[in-house]
Amino acid sequence: MTSQAAPYAARRAREAALEANHPGSPRIVPLLFFTVLVVAIFFAMIYLRIAMDRSAFELDSVNDQIVLEQSRTLDLRLELAQLQDPQRIAAQAAQIGLVYPEEQIILVVTGDRAGVDYTEDAVPVNALDDIAP
Amino acid sequence: MRRHRSTRPGRQPSGERTRIWKRGDGRLFIIGLAFVIAWSGMGFRLFNLQGAQAVELATRGFNQRIREAEIPAPRGTIYDRDGVELALTVDGWDVVVDPQLLDDPSAAALVLAPFSGRDVSTLTDELIDAQSIGSRYEQIAVRVRNDRKATIEEAVDAADLSGVFYQRVPLRIYPAGSVAAQVIGLTRYDDGAGIEGLEKTFNSELVGDPGRLIVERDPYGRVIPQGETLVDPATPGSDIITTIDREIQFAAEQALEDAVERTNALGGSVVVMDPESGEILAMANWPAIDLNDRSTYDAEAMRNRAATDIFEPGSTLKTVTISAALEEGVVTPDTPIDTPKKVTIGEFDYTDHGYNPPWMPVKDVVKKSSNVGTIEIERRLGRTLHYQYLTEFGLGTTASLDVAGERYGPLLPTSEWNNTTGSSIGIGYAIGTTAIQMAAVYSTIANDGVWTEPFLVKEIRPATGELIETHPRTRTVLSPETAQSMRWMLGRVVEDNGTGRRAYMDAYTSGGKTGTTNKFDTELGRYVEATNASFIGMAPLDDPKVVVVVVLDSPHGVGSDGVELNLGGASAAPVFREVAQAALHQLGVPPDRN
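Protein chains in written order, with this note's numbering: chain C, 1 to 133; chain Y, 1001 to 1594.
It should be emphasised that the hints constitute simulated quantities derived from the structure, not laboratory data. Fair warning: there could be bad hints in the mix.
Below, a list of computed lysine to any residue pairs in the SDA-like style, where the Cα atoms sit at most 25 Å apart [to be verified]: (1) Y/LYS1363 with Y/VAL1331; (2) Y/LYS1149 with C/ILE105; (3) Y/LYS1200 with C/ARG77; (4) Y/LYS1545 with C/GLN70; (5) Y/LYS1149 with C/ARG77; (6) Y/LYS1519 with Y/ARG1136; (7) Y/LYS1149 with C/ASP60; (8) Y/LYS1149 with C/ALA16; (9) Y/LYS1545 with Y/PRO1472; (10) Y/LYS1363 with Y/ARG1380; (11) Y/LYS1149 with C/GLN70; (12) Y/LYS1363 with C/ASP75; (13) Y/LYS1519 with Y/HIS1353; (14) Y/LYS1149 with C/LEU83; (15) Y/LYS1545 with C/ILE105; (16) Y/LYS1149 with C/SER61; (17) Y/LYS1519 with Y/THR1391; (18) Y/LYS1149 with Y/ARG1136; (19) Y/LYS1149 with Y/ILE1173.
To be clear about the criterion: a stretch of chain Y counts as covered by chain C if any three or more of its residues have a C-beta under 8 Å from a C-beta of chain C, and this derived list gives those stretches [claimed, not checked]: (20) 1089-1099; (21) 1168-1182.
All C-beta atoms in this analysis are idealised placements derived from N, C-alpha and C, irrespective of residue type, glycine included.
All chains, please: the whole structure from these sequences, using the hints.
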């Protein structure tokens, strides 16, 4: 053992003895970690709460939008039905001078003329034979 | 190893006891005590609030925040057979103000008056009065549509008015206005309950079940996010799919309106029925009414005459008498029947209109609508069989499955018949019928002898659950041969010099019967000059797709061709032609007349 090693050995022995006398003394790193974790959880909870509140507002807004769109859909259905109203159509037709023909001509499209060459016989004879010139 | 010893105050390492209290420890004690008392107080309070009174306080707080509201169930829609809306509920708005929140009532009145139907000074006075008596509710406009509400909102925002609120209310709209008005019916304004027509008959199906909404709100009424929310959703009312064809309905209404104008009638009704299925394709009534304009509401115009008005069917009922006689083999179309100018039974003389030969075959009795000939056939048939067929044809009871307010006319049992009752009923007197009943009678002949219950609603579509389809009752009254034979004879009525020649259609074969009866004045207790003129027919004749009943109330005057308009053949038959033709076109039935 050298003369320099002696104080070192003595210090190690004191430290070992001190450590042996305080076996449960806390270490700083785990404590720090725990503290940071608690703080992080605390802020995370606050953040989550805010996020959930924000989502709730957004959900509320989306629900309002759904109600609004449903209302618009009903309005559009109503408008469509009103546009199809035969009374309205008849009135509009009368306004632009459309009238029912005095004589009604009925065209019967039989659909049984497969194979007929319509380039030469462009108009089905059954249908238009009776139409007065 | 030596154990480390504690160096707590008051204890020496040697274990000898020393003084515990030192100078200044008294203050520490007091502070400590104060803390203990404070914490104990807080603990007690905490226990009191969170323990002893916890439930009561939580309930009180919850009740202050909680708002419970009923979620109204959307009323079901009424559709025509093609899925076009006949009655629809949309969002409407009541516009109200809280007068206490108005800074300047006159400025508010200036903005709101154009929407309130009141002039500015009147509204100003009303708002000032309301403000002075502490009222918090003043109605500005009721039941406005979304577009109107948007206009009001715009004006209110532009004027920066406070205290204006919009309350959502359901608004029942009838897109086709007056088309099928009496069939569809009406709902009440305040609670939306059906009070007329289909709206009334199917009210319980249409209303649905209201839901419940419980939410936590802040003092300003805003929903608290993450608060308690309980939603018991409303179940929408069922949709009703009717058998009505809006195009045919419109054509029937147009033809009826024209006829009423042309014949100076007081009113009338037209029924178009699919004889095979029993579906009522159209049921038109005059006078008409616009369901969207309550200011013109008239109970008389709202009446579904086709279902409620009882009339003596006259000659149109001869079809029943003669069909029964054919079915029972009492006569054939060619059996000769004596047709003297007059038949006297009891106190009554029965005659024919115009000249008829002394005898004619049954087919001509139908064509010429001979009263005396039909009476002779009825006598051969006998009252028991006659009555049996009348009931089997659906007379003496309601005919339809679901037409609101349907009535039926009297049909006396044979035990109460006197010596003229059978003869009178045979030619359509002494019995009451409605247009629907007569539609069912003629549909029996059109449908090869099978009577089918007329109906208006073919499907009920619940929001949840299974579709409900209508299955009408049916019964066989005549053989197909008899029905066919009867149709052939009815076809002769509309041709050549038959009484119903004005019902003749160029494109389709048709058949039918005219009817003209003098109206019975219950106050006078006798028949009067005014008539009920009718025509009931079917087309195409071989396989009828429609049966059309036309009844005009008191037509009168003389037509352009000099014919008396009080007769069914003159006034009602042309309506049949128009309506039947439109209906057959709409149904895509190909013409069968070359």
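Evaluation of the provided hints:
| no. | hint | in the structure |
| --- | --- | --- |
| 1 | Y/LYS1363 with Y/VAL1331 | holds, 10 Å |
| 2 | Y/LYS1149 with C/ILE105 | violated, 49 Å |
| 3 | Y/LYS1200 with C/ARG77 | holds, 23 Å |
| 4 | Y/LYS1545 with C/GLN70 | violated, 40 Å |
| 5 | Y/LYS1149 with C/ARG77 | holds, 18 Å |
| 6 | Y/LYS1519 with Y/ARG1136 | violated, 59 Å |
| 7 | Y/LYS1149 with C/ASP60 | holds, 22 Å |
| 8 | Y/LYS1149 with C/ALA16 | violated, 87 Å |
| 9 | Y/LYS1545 with Y/PRO1472 | holds, 17 Å |
| 10 | Y/LYS1363 with Y/ARG1380 | holds, 16 Å |
| 11 | Y/LYS1149 with C/GLN70 | holds, 16 Å |
| 12 | Y/LYS1363 with C/ASP75 | violated, 57 Å |
| 13 | Y/LYS1519 with Y/HIS1353 | holds, 17 Å |
| 14 | Y/LYS1149 with C/LEU83 | holds, 22 Å |
| 15 | Y/LYS1545 with C/ILE105 | holds, 21 Å |
| 16 | Y/LYS1149 with C/SER61 | holds, 20 Å |
| 17 | Y/LYS1519 with Y/THR1391 | holds, 24 Å |
| 18 | Y/LYS1149 with Y/ARG1136 | holds, 21 Å |
| 19 | Y/LYS1149 with Y/ILE1173 | holds, 16 Å |
| 20 | 1089-1099 | holds (count 3) |
| 21 | 1168-1182 | holds (count 6) |
When each numbered hint is compared with the structure, violations occur for hints 2, 4, 6, 8 and 12.
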